[in-house]
Amino acid sequence: MQDAFFYLFAALTLLCGFLVIGNPFSRNPVTSAMFLVLTIVSMAGLFVLLHAFFLAAIQVLVYAGAVMVLFLFVIMLLDLKTEERRKVKAFGLVTGLISVAAILAMIVKTYAFDSNLSANLPPPTLEGSTAELGAVLFTRYLLPFEILSVLLLVAMVGVILLSKKDLK
Amino acid sequence: MTVGLTHYLVTSALLFGLGLLGVIARRNLLVIYMSLELMLNAANLALVAFSRFTNNANGQVIVFFIITVAAAEVAVGLALIVALYRKRQTAHVEDLATMRL
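Protein sequence lines, in the order shown, are assigned to chains A and B. The numbering of the first sequence is the working numbering, which starts it at 1 and goes up by one. The numbering of the second sequence is the working numbering, which starts it at 1 and goes up by one.
So here's chain B without its partners, still in its complex pose (with noise of 0.2 angstroms):
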């Protein structure tokens, strides 16, 4: 069986997947930022698996502004963590339960 397009939504799928998992599971803010980086990378698989079978280059053009925002998003949520770190003294978001009723 050649390697098509299923092969390619099943291991965004699965990617996907791990990056939910992680970032209800873990509890470390820095991990769970990643495990949000797995899951856009699965987004742009997908993206760029169907730009390729469906032989349409909107895909990966939007691919490239996901990859875009990724960065400033990456660059804002960082410099949020560090402050909140400055503030709190930690990283782990159950000692950030302040507002939990």
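Next comes chain A alone, as it looks inside the complex (with noise of 0.2 angstroms):
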């Protein structure tokens, strides 16, 4: 049953992070971010079966909502319609794939490498709860945590101070 659960959700996920990309009705930057919803959303289900179902929670509520409606924001906010038109280049196409190849070919290697990496794994236990991560999030974590909320902070100061309409 999870194993069926795992191939569905594997496979929405692939499937519109690829209409995301290359979608061949539409080049509307909007189309791709509502496929980019359908990816996130997938991928929490994904979350789910690994049992983190406190980043699951996170993925959807951050992702595919606050990221997202920023992400549409700034679309509708932009009149983008001549930019549709364009073609994608067969240069960019074909440097892409080879990119991609040998990035692919290195990750493959590495873990063919340590190919008893998930051979004499222990049964998996750990359970993604809010508790077990909260526990180490402000033990463990604490200092990395607080900069964090800095860095919010800096983003937010620098958002406004971007957003200015004399930008000098």
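A few of these clues could be false.
[Claimed, not checked] List time: in silico BS3-like cross-link candidates among lysine-lysine, alpha-carbon distance up to 27 angstroms:
id, chain 1, residue 1, chain 2, residue 2
1, B, K87, A, K89
2, A, K109, B, K87
3, B, K87, A, K165
Hints were generated in silico from the structure; no laboratory data involved.
Build the complex from these two chains, which are given one at a time in their own frames, with help from the hints.
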């Protein structure tokens, strides 16, 4: 049963991921953004299958909710009608495919080198519940957590400064 | 064959490849940005899979950090794109060739 769900969600993730970058029917960024939302939601399904319940919730709330709304907001703000007609250049496609093949070959080689990596693992027992993650987050990772809040503040100030009318 | 670590890693690698292809082949700044998000998500999936199958919660905490940093990055990047669009009236990388030799 779980395996069937894994294949379902993995196929959905990859299909929607493909439609984000190369939708054959539409070059409109809005369709890309919509398929990115679907990718993220099906990836939250994969997180649930991995027992990472807190991260699945965060993924839907923060990514599919906040980040994608921001994306759509900006797409609507910029009027991109003339952009749709442009073609994808063959040169970009070929270089892209070559670099993707190189990177994938590298990943596969690295994994094959460590082929006993997944062979003798103990059965997974970790539950990514909020309580368990919080216990780690507020003890071992307390300082990075606080630094992260400063980072968010810096990002906020930067965005306000960048979106001022008279950019100096 | 039961679904294990390898299955998740293959999914993650393929998704990363899709994102990389999008960054290199597409010419719209916003779509390039979305492809970057795809790559970040692929890395997240690999981290969560490793965390689950090695019984180590640190991986999930790092994913939590990555999601937060990605949110900040999206906010700043989109503000940059809007500022660029205001100045140049384009969100297309081939029109932004001022620094090209």
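Tested hints:
1. B:K87 to A:K89: 26 angstroms, holds
2. A:K109 to B:K87: Violated - the C-alpha atoms of K87 (chain B) and K109 (chain A) are around 45 angstroms apart, more than 27 angstroms.
3. B:K87 to A:K165: Holds: K87 (chain B) and K165 (chain A) sit about 11 angstroms apart, inside 27 angstroms.
In this structure, the one hint that does not hold is number 2.
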